[in-house]
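A.B. asks: Sequence:
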Amino acid sequence: SEPTTFFINNGLETYSPSNFANIYANKDISMAYAIAVSDNIYAVKTHLFLGPESLINTAHKVGITAQMKPVPSLALGSTEIKLSEMTTAYAHFASLGKKVKPVYITKITDLNDNVIYEYKPIEEQVLDSDLSFLMTHMLEGMFDTRMSENITVTGQSIAGSLSRTYAGKSGSTDYDNTMIGYNPELVLGVWTGFDELVPIIKYEEKSYSKRLWAQVVEEYFQGTENNWYEPSDNIIGVRVNPITGDIYYNTDGYTKVMYYLKGTQPPYRY
Numbered sequence: 004s005e006p007t008t009f010f011i012n013n014g015l016e017t018y019s020p021s022n023f024a025n026i027y028a029n030k031d032i033s034m035a036y037a038i039a040v041s042d043n044i045y046a047v048k049t050h051l052f053l054g055p056e057s058l059i060n061t062a063h064k065v066g067i068t069a070q071m072k073p074v075p076s077l078a079l080g081s082t083e084i085k086l087s088e089m090t091t092a093y094a095h096f097a098s099l100g101k102k103v104k105p106v107y108i109t110k111i112t113d114l115n116d117n118v119i120y121e122y123k124p125i126e127e128q129v130l131d132s133d134l135s136f137l138m139t140h141m142l143e144g145m146f147d148t149r150m151s152e153n154i155t156v157t158g159q160s161i162a163g164s165l166s167r168t169y170a171g172k173s174g175s176t177d178y179d180n181t182m183i184g185y186n187p188e189l190v191l192g193v194w195t196g197f198d199e200l201v202p203i204i205k206y207e208e209k210s211y212s213k214r215l216w217a218q219v220v221e222e223y224f225q226g227t228e229n230n231w232y233e234p235s236d237n238i239i240g241v242r243v244n245p246i247t248g249d250i251y252y253n254t255d256g257y258t259k260v261m262y263y264l265k266g267t268q269p270p271y272r273y
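Counting along the sequence shown from 1, when you hit position 147 you're at 150 in the numbering used here, and nothing is skipped either side.
A couple of the hints might just be wrong.
Calculated cross-link-like contacts (lysine-lysine; reagent style DSS-like; alpha-carbon spacing at most 25 Å) [as the list claims (entries may be wrong)]:
#1 Lys102 with Lys123
#2 Lys64 with Lys104
#3 Lys85 with Lys102
#4 Lys85 with Lys64
#5 Lys48 with Lys30
#6 Lys101 with Lys123
#7 Lys259 with Lys30
#8 Lys123 with Lys110
#9 Lys104 with Lys85
#10 Lys101 with Lys85
#11 Lys101 with Lys64
#12 Lys209 with Lys85
#13 Lys85 with Lys72
#14 Lys64 with Lys123
#15 Lys64 with Lys48
#16 Lys101 with Lys265
#17 Lys104 with Lys123
#18 Lys72 with Lys48
Since the hints were made in silico from the structure, they are not lab data.
Build out the structure end to end from the sequences listed, making use of the hints.
C.D. replies: In structure tokens:
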């Protein structure tokens, strides 16, 4: 994570994205930390490393129909996408990779309560369940205020008002603010902005989407127990520094259990 200029189109063009407030870790960081603080440089590097078509193909798998161009800025949201489709996309992680399709009518009955029609969920695995679990685990990071190093995690302003475990991601432009988050039972997306293309200037308005999201999910689950995912036998938990991803025997810094596919956990550092 450092100021970076990307040379594209065989070096004929350059692309120089920046992080929020031009704050960079200026060192190697973990994907979990990059997601938690929304590090743009990490996102673009990952996007280009995988190949621009990879993001487009995966987006189409999870229900996004927008026409996307395979450009570096796609990793940062250069294509307008409907909130309903973005929320559906995150629902695929919430279902651990199972196909999700929005429905508005779940059941129709007659006057005698005989079922005329009832929706049956699609039983189709479109994403790897273990990888979906790992992504969900990393998306918890936006609410982990102990991961705020150099820059705060993006969910810092609402983390204190959440009473249970959620995964989520926020996003913002000069004109939009979005918050999408979930647990095994509910996926909720919130967008705030103006009907016309008017910039959001007031600082307090930039947090409306997060605050609305937090209020709705907390009221929805009031009086219920925390429900979360369990790792499969193919996943191993390792206590690491979540910012660097390194395993330390002795450290004064923050450590937490992070999950990996067996055989991919990081090496020990002394």
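A.B. asks: Hint numbers the structure violates, sorted upward?
C.D. replies: Going through the list in order, the structure violates no hint and respects every one.
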